[in-house]
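S.K.: Below are the chains, spelled out letter by letter.
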Amino acid sequence: MKKKRVVKRPKSRREFLKYAASGMAGMLIVTLMPKPSWAQRIHQIEEMKHVPDWMDHYYAYVVDTTKCIGCGACVRACKRENNTPDGYFRTWVERYQITDTGHVYIDSPNGGHESFPPKDVEGNVLKGFFVPKLCNHCRNTPCTQVCPVNASYETPQGVVLVDKEICIGCGYCVQACPYDTRYIDPRTHTADKCTWCYHRITKGLAPACVTVCPTKARIFGDLKEKKSEVREIIESQRVMVLKPELNTEPYCFYIGLDRAVR
Amino acid sequence: MIYTEFSFPNDSHIIWSLMIVTYPFISGIMAGAFSIAALYFVFGMENLKPVSRFSLLVSFSFLVCATLPLLNHLGHPERALNVIIMPNHRSAIGGFGYIYNIFLVILALTLWFSYREDVIRAAEAAGGLKKKILTFMLLWNLGKDDDTRDVDRRLVFILTAIGIPSMAVLSGYVGFLFGSLKSNPWWSTPLMPFVFFVSGIMSGLALVLLLYLYLGWYGYLEKSYKCLRTLSALLWFSTALYIILEGVELLYFYYESSDAWFVISTLLLTKLKYSFFVLQLGIGLGVAFILLSAMFALKLEEPSFAKMAAVASIYILFEVWMMRWNIVIGGQLFSKSYVGFRDFHPGWMEKEGILVAIIFTVLPLVVLFMVTRFLGVRPSGDESAQIDNPGVNTDEELP
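Chains A and B, in that order, are what the protein sequence lines are.
So for the first sequence, the numbering used here puts the first residue at 1; every next one is plus one.
So for the second sequence, the numbering used here puts the first residue at 1; every next one is plus one.
Just so you know, these hints were derived from the structure itself, not from any lab.
Keep in mind that this is a model prediction, so the values were computed, not measured.
One or more of the hints may lead you astray.
[To be verified] For lysine-lysine, the following BS3-like pairs were computed, each having C-alpha atoms within a straight-line distance of at most 30 Å: (1) A/K18 to B/K144; (2) A/K203 to A/K226; (3) B/K273 to A/K243.
So here's chain A without its partners, still in its complex pose:
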């Protein structure tokens, strides 16, 4: 006959384990509950409520590579406006030279900050052009997807931002961005990137790089505005995005993008 098993345990231990398990389960439920991140709550702050319709926009950016002359004014303006650290860039300009030998020469000395000195290449240059680069503010953003703490987020106006008060500096977003537009700021040890000059556009101004461009190669505007230039270009012209095969859905569009562009 099978012996009935009686296990005596002190009541206190049982209660201890019961309460410990309940506490842990409670903590788990709290962390699993859907909640807006601290970063997203910034957009509900009182201070901005006096600015009319500041949220009622959906921004896009167009780069016309056929107009860029590589003067570097945009890179300098961005550095001044956003105080980016030396050696890191929120925006930069690349020079492409394709020669009759089949070679593609690309360079971006100091991001194009001091413009482009002449460069020796092998053979004759068949075509040469400049390509400004910046954060593509993607809709299907790999960077906000991977951020473990919601420090990287997308605003209702379609701008991808980083909350430096929350960022833990893991660098996962930097690895995830296929365009290499993010970096870890050596001064704050947090991720940093182009914000389309969010502090300016929410006040109705254009980003610094757009303001200084002498050839109107950089165009910024609101897609919700029917007569905005960006909307007109995107609707009427043949525009392209960088690395479309990655399905990141960039909202930075390019006119005249060559197949050689990386």
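Knowing the structure of chain A, use the given hints to seat chain B on it.
M.R.: Quick look at chain B alone, frame taken from chain A:
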């Protein structure tokens, strides 16, 4: 078109350095060690009994140290708890807090139940503060009758069974972090979690085998040639599986010959030429697999078998570390322009330098030593008789 070398301006820095090499190395050992315990406690592989509980201790020691390199890597380690308090459920790292803590709780409970009797003995033998701490750890329950022992055994079975998927997720998850990044062709492959998991099992088996050879042959663990042979066979099997996975991955890249292959082939033939082909595949994997195969093919007997197993294990550990290096660092040696490359030379005394990496790698072994010393337990089999007679050869059929 022939591209000349060009890196994006922000691509001049290695973001994930030695700390991110160290973390998967440590977590892999943790997984491998736990799998040994699982094979005994859940699947009843009796030959592994001498190392079953000890491998739990190894796994635990490595698990509690696993987060240190990650914390050291973070730009703001003081905000690390944000990952648990306000995780992004879409992020692969966002799940880390859950995955890590679930496995930590399971492993701690498994250890608690499997070593409870040893700790009771240690508490009974100790006095003063140590006795109080040990009694608290036992939750004031010093019962060790047959019924209690039976409950402990059942719970260890259940917990280890739950621990297997948790361990697999925690180990393979590191691979997922890399494999899911479409921005990096060297990382972006669905095989990555499996490569990390299998190589982790290899490294755990290799380290437990090495420690077992040392502790078993010096009288701290039950000495069993059967156990050694089983561990070696498992090591051979996991190494063979790893070779297949690594081979398939490379073959896939080569045969597909996409845009990614250009950068991967250039990377392998230039920046990783020495570290991948010579150190990882040649010296690490090649030598280890040949040694492991020879041990069984030549039907070696105990002394030679044990020596070769030890050497093979060292090579396996070296191979796995090099694999971590080649994946983590290798994936950052090219620009996202896919036509630019750079070098990485870690310093000795940097925050994430070589010395710190060595300390974090060795620290779990120090923890293992301290835990066994403090608890007063001999990491031995279940029966107290064996604890009283350490070093007894229990393989009756051995000469």
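S.K.: The structure should be examined with respect to each hint, and the outcome stated for every one.
M.R.: So, going through the hints one by one against the coordinates:
no. : hint             : result
1   : A/K18 to B/K144  : holds (22 Å)
2   : A/K203 to A/K226 : holds (20 Å)
3   : B/K273 to A/K243 : holds (29 Å)
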